[in-house]
Amino acid sequence: MTHSRHEFNNIAKPEAEKADYPPPFSLRLTYEERARLDAERGSKTLAAYIRERLFGVDAAPRKKRGNSPVQDKEALGRMAGALGQSRLSQNMNQLAKAANLGSLPVTPETEAEIKEACREISEMRAELLAALGKAPGSEP
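The working numbering puts the sequence shown at residues 1 to 140.
Please keep in mind that the hints were generated in silico from the structure rather than gathered at the bench.
Mixed in with the good hints, there may be bad ones.
[What the hints assert, rightly or not] Derived Cβ-Cβ restraints for the label pairs, each shown as a range:
#1 Arg62 / Ala99: 49 to 55 Å
#2 Ala99 / Gly77: 29 to 35 Å
#3 Arg41 / Val106: 57 to 63 Å
#4 Ala39 / Ser103: 58 to 64 Å
#5 Glu111 / Leu132: 28 to 34 Å
#6 Ala126 / Arg87: 16 to 22 Å
#7 Leu76 / Glu32: 33 to 39 Å
#8 Asp38 / Ala126: 19 to 25 Å
#9 Arg41 / Gln85: 32 to 38 Å
#10 Ser26 / Ala80: 37 to 43 Å
#11 Glu120 / Ala99: 17 to 23 Å
#12 Ala75 / Tyr21: 53 to 59 Å
#13 Glu113 / Ala47: 50 to 56 Å
#14 Ala60 / Ala126: 37 to 43 Å
[To be verified] Lysine to aspartate or glutamate pairs mimicking EDC-like chemistry, simulated, CA-CA at most 20 Å apart:
#15 Lys97 / Glu127
#16 Lys115 / Glu127
#17 Lys73 / Asp20
Even glycine gets a Cβ: it sits at the ideal position worked out from N, Cα and C.
Could you build all of it, start to finish, from the sequences and the hints given here?
Here is the structure:
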């Protein structure tokens, strides 16, 4: 019975096919050598730079990193700077707290300030979506 059970387990749980990659290669560098490579590589990864230097145009292309959805880093930086300089989040929090307590005086000035804050938030949302490469009318 153990023999047939063993065969059943092999059939029921086939091992996943693994890609046949060579083992990684390790290289020790002096601090000076590493600093030189870091200075020369620019925005490339160290591994990509070394492969390029070793193999030139024959270097096999690697998959691009897909973990950064940012399309326009400059726009994202402008938006982050605008958020950092504004007190928008604190002001909205104070308005929400006052509204929850029932102590928010609804005057024309207050209403205008709330509308202005909503407009600014809408603009920031549009800039953020543009920086992420999404259409302003799309879902985040």
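Here is how each hint holds up against the structure:
Roughly 53 Å separates the CB atoms of Arg62 and Ala99, a value that falls within the hinted 49 to 55 Å. The hinted range of 29 to 35 Å is satisfied by Ala99 and Gly77, whose Cβ atoms lie roughly 33 Å apart. Between Arg41 and Val106, the C-beta spacing of about 59 Å keeps the proposed range 57 to 63 Å intact. For Ala39 paired with Ser103, a C-beta distance near 59 Å keeps the hint of 58 to 64 Å intact.
Our hint of 28 to 34 Å for Glu111 and Leu132 holds, since their Cβ atoms are close to 32 Å apart. Remark: the range hint 16 to 22 Å for Ala126 to Arg87 is upheld by a beta-carbon distance near 21 Å. Our hint of 33 to 39 Å for Leu76 and Glu32 holds, since their Cβ atoms are close to 35 Å apart. Against the hinted window of 19 to 25 Å, the Cβ-Cβ separation of Asp38 and Ala126 comes to about 38 Å, which falls outside the hint.
Against the hinted window of 32 to 38 Å, the Cβ-Cβ separation of Arg41 and Gln85 comes to about 34 Å, which satisfies the hint. The hint said 37 to 43 Å for the Cβ distance between Ser26 and Ala80, and at roughly 38 Å that hint holds. The hinted range of 17 to 23 Å is satisfied by Glu120 and Ala99, whose Cβ atoms lie roughly 18 Å apart. Under the hint 53 to 59 Å, the C-beta atoms of Ala75 and Tyr21, about 38 Å apart, miss the expected range.
Taking 50 to 56 Å as the suggested C-beta distance range, the pair Glu113 and Ala47 conforms, at roughly 52 Å. For the hinted restraint 37 to 43 Å between Ala60 and Ala126, the CB-CB distance of approximately 40 Å keeps it satisfied. Of the supplied pair hints, the one linking Lys97 and Glu127 is violated, its CA atoms being roughly 27 Å apart against a limit of 20 Å. Proximity of Lys115 to Glu127 is assessed by CA-CA distance (about 19 Å); at most 20 Å being required, the pair is judged to hold.
At roughly 37 Å between alpha-carbon atoms, Lys73 and Asp20 are farther apart than 20 Å, so this suggested pair is violated.
Against the hints set out earlier in the document, violations occur for numbers 8, 12, 15, 17.
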